[in-house]
Amino acid sequence: MSETRETLPAQKAWMSVAQKVGIPLASVVLAIIVGSVIMWTSGYDPVAAFAALFKGSFGGPKQIGDTLLRSTPLILTGLALAYGFRANLFNIGAEGQLFMGGLAVAWLGVAVTGLPWIIMVPMLLLASMLAGAAWAFVPAILKARVGAHEVITTMMFSYIARYIVSWLVVGPLKAPGQIPQTVALPTGAQLPRIQTLFGESTLDALPFLNLGRTHLGIVVALVAALFVWFILKYTTLGYENRAVGFNPWASETGGISVQWTTVKALCISGAFAGLAGAVEVMGVHYRIFDQFSSGFGFTGIAVALLAKNHPLGVIPAAILFGGLTAGAGTMQLEAGVPQKIILIIQALVIFFVAAEEIFKWFIKRRQKEALSHAG
Amino acid sequence: MNRKWRSTIAVLLALTLLVAFVPGCASDDTEEPTTEEPVTEEPKTDIKAAMVTDVGGLGDKSFNDLSYEGLQRAEQELGVEIEVLESREITDYESNIDQLATAGYNPIFAVGFLMTDTVAKVAPMYPDTNFGGVDEFFDPVPSNVVGLNFKEQEGSYLAGVVAGLATLDSFDSKLNSDNTIGFVGGMDIPLIQKFEAGFIAGAKSVNPDVKVISLYAGNFTDIAKGKELGYSLIEQKADVIYAAAGAVGLGTIEACKDKGALFIGVDADQYLTVPDSGDVMLTSMMKRVDNAVYETIKAMVDGSFPGGQIQVFGLAEGGVDLAPYHDFETKVPQAIKDAVESARTDIISGAVTVPEAP
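Residue numbers (this note's numbering), protein chains in the order written: chain C, 1 to 375; chain P, 1001 to 1358.
Each hint should be verified, as a subset may be incorrect.
Below, simulated DSSO-like cross-link-like pairs (lysine-lysine); rule was C-alpha separation at most 27 Å, straight line [unchecked claim]:
no.: 1; chain 1: P; residue 1: Lys1337; chain 2: P; residue 2: Lys1204
no.: 2; chain 1: C; residue 1: Lys264; chain 2: C; residue 2: Lys340
no.: 3; chain 1: P; residue 1: Lys1225; chain 2: P; residue 2: Lys1211
no.: 4; chain 1: P; residue 1: Lys1337; chain 2: P; residue 2: Lys1257
no.: 5; chain 1: P; residue 1: Lys1227; chain 2: P; residue 2: Lys1174
no.: 6; chain 1: C; residue 1: Lys62; chain 2: P; residue 2: Lys1048
no.: 7; chain 1: P; residue 1: Lys1225; chain 2: C; residue 2: Lys174
no.: 8; chain 1: P; residue 1: Lys1121; chain 2: P; residue 2: Lys1174
no.: 9; chain 1: C; residue 1: Lys20; chain 2: C; residue 2: Lys368
no.: 10; chain 1: P; residue 1: Lys1121; chain 2: C; residue 2: Lys174
no.: 11; chain 1: P; residue 1: Lys1211; chain 2: P; residue 2: Lys1061
no.: 12; chain 1: P; residue 1: Lys1259; chain 2: P; residue 2: Lys1174
no.: 13; chain 1: C; residue 1: Lys340; chain 2: P; residue 2: Lys1061
no.: 14; chain 1: P; residue 1: Lys1121; chain 2: C; residue 2: Lys55
no.: 15; chain 1: P; residue 1: Lys1174; chain 2: P; residue 2: Lys1257
no.: 16; chain 1: P; residue 1: Lys1121; chain 2: C; residue 2: Lys62
no.: 17; chain 1: C; residue 1: Lys62; chain 2: C; residue 2: Lys340
no.: 18; chain 1: P; residue 1: Lys1048; chain 2: C; residue 2: Lys340
no.: 19; chain 1: P; residue 1: Lys1048; chain 2: C; residue 2: Lys55
no.: 20; chain 1: C; residue 1: Lys308; chain 2: C; residue 2: Lys233
no.: 21; chain 1: P; residue 1: Lys1237; chain 2: P; residue 2: Lys1211
no.: 22; chain 1: P; residue 1: Lys1227; chain 2: P; residue 2: Lys1211
no.: 23; chain 1: P; residue 1: Lys1259; chain 2: P; residue 2: Lys1298
no.: 24; chain 1: C; residue 1: Lys233; chain 2: C; residue 2: Lys368
Hints listed in this document are in silico derivations from the structure and should not be mistaken for laboratory results. Given the structure is predicted, the values throughout are model-derived calculations rather than measurements.
Please take these sequences and the hints and turn them into a complete structure.
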């Protein structure tokens, strides 16, 4: 940080935005270029592949709907990770909190009956956040009190969560029948698909509302992103979160409890991961089973990295990753390119963003640790 | 840490990544459909058959690969056009089926019981398309859907006959004097209980005093758990172990190799799919998903798609069978081979009915 040149505030702000947006954009472009080279050397036509990929992810309302469907949980896990990163916490176990959130909803949604939709749904969403937060609480306390590294503890808790769900869906919560899964949620506990909210005539008049499988969870996710942005920017809670992430010792000196802020940060992160589990259960599967999440908690890490931990940046980042998965089928069908190529492109995006970010993050952390040992 | 050093590392990493990925893709190539080859001499039909894999994807050496084999056979022998879409996520199931249906593929096979709900939901939206659900059970069955189920208990019965007689025998040094055999299950669900029930019934039919110990892993993926269960069974003197547990069974094979016990594989002929397993792999209980898929396509080509039904493929229909003994071919006594044949005849003739639950 040896910036000596004077710049006007407006210019400075503009440059910072350009830098924030520029690096992620550059990594996406680089990933596409390298991905094309890989496809070309493997004997596929990259132009046809990307054309098909685009068609399958943004080619029409139904395709956009599919992209949004897949982006929904990623926005929420991206937020969870970003919020943690802002406090210098790496909540790698978001997947476990997501499972607990999903489990809470799958259980309560069936167990609680007789409530109208308008009360039931917010209650379930809240329950999933509490469940996610509760699952992050023990690692948070361990981190704050004895300094146990959250990467280890949240990860271990994530295994516990997965196995609890595994056990419940073959045991106490198993629905009748062959398949190990819970009983389906009643309509009154579901997040309906957007297109079902409109009548036939409205859909005919406004065809862009034919969003296929996109459900109300996308609204939940967008509101959550705005909410996190507001917390971080305008509230004491967010200020403390950022301050601790930036420099815990200065924050402590300045009268912020680092321990308490750490606990809050990890729990809030867990709450959004739990919410991601809820939208998947309430909007997509209507029940929980062993493999209901496709590693959304882990993809959330990439989303947060690509978004540079900005809560609003999480939205386009999640849409990019959602679009990549949504278009993969079309790419396979029309250009004959195996879906696994998509994994490579995702990995490349992460690689190019992370190559810069991960180094920075560790250097920053090491510097701080060195400082703390010295002081 | 200076900048130059960092960028050097970044470039090196990027290169490693490239080198690592490129051959990976190239070899992937071979698994993908090669639909370009024109089928010239075969009887032409305009049927375009397709399948959607579950998240296991192609290369699972199990249902997905077997279903694909069925498709490929239909391509070669019946001249149908084929396509396969792999699913990476559960969310892909619906969109993959949807895309294939929109693109005019008919019939479409959905592989694995996890797709049951999706098929039931999507099928009515495409009334002119036929669907085949491998390992899927519907109640009621939509009129354009056929559920392809298997009598796993019948094949497992034959495996039980082999195990029940082998544990009394001493044709291999891994067989002990104790009259005990073992079963490792994946999840404790009705589907897997069919394997267990058949195995026990088969063993008891030839060896009424045999002790069969059954253990369940609770999932289909934890290889370490499979090894642990294998050790535990061998410690309790089991000398022939049958596993119906997906990847968990791979761990059990390791345990058998370590501590000296014989193994009976499942789904595919695991002698061929699991490397270096020859010295413990007595035989395998094969689920002929490929036959079921092929037969369904053939029925469709002949104009008689069995829509609205659950088709159950047992021994009689070629839906389940025992794999060859391979390395044990000369060791296994003729008496055991004869007992298997007579059990097969009895099951096919209906003289023996195999239970579905233990």
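Results for each hint:
no.	hint	in the structure
1	Lys1337(P) with Lys1204(P)	holds (16 Å)
2	Lys264(C) with Lys340(C)	violated (38 Å)
3	Lys1225(P) with Lys1211(P)	holds (22 Å)
4	Lys1337(P) with Lys1257(P)	holds (24 Å)
5	Lys1227(P) with Lys1174(P)	holds (17 Å)
6	Lys62(C) with Lys1048(P)	holds (24 Å)
7	Lys1225(P) with Lys174(C)	holds (22 Å)
8	Lys1121(P) with Lys1174(P)	violated (50 Å)
9	Lys20(C) with Lys368(C)	holds (23 Å)
10	Lys1121(P) with Lys174(C)	holds (21 Å)
11	Lys1211(P) with Lys1061(P)	violated (31 Å)
12	Lys1259(P) with Lys1174(P)	holds (9 Å)
13	Lys340(C) with Lys1061(P)	holds (17 Å)
14	Lys1121(P) with Lys55(C)	holds (24 Å)
15	Lys1174(P) with Lys1257(P)	holds (10 Å)
16	Lys1121(P) with Lys62(C)	holds (17 Å)
17	Lys62(C) with Lys340(C)	holds (23 Å)
18	Lys1048(P) with Lys340(C)	holds (24 Å)
19	Lys1048(P) with Lys55(C)	holds (22 Å)
20	Lys308(C) with Lys233(C)	holds (15 Å)
21	Lys1237(P) with Lys1211(P)	holds (10 Å)
22	Lys1227(P) with Lys1211(P)	holds (21 Å)
23	Lys1259(P) with Lys1298(P)	violated (46 Å)
24	Lys233(C) with Lys368(C)	holds (24 Å)
Checked against the numbered hints above, the structure violates hints 2, 8, 11, 23; every other hint is satisfied.
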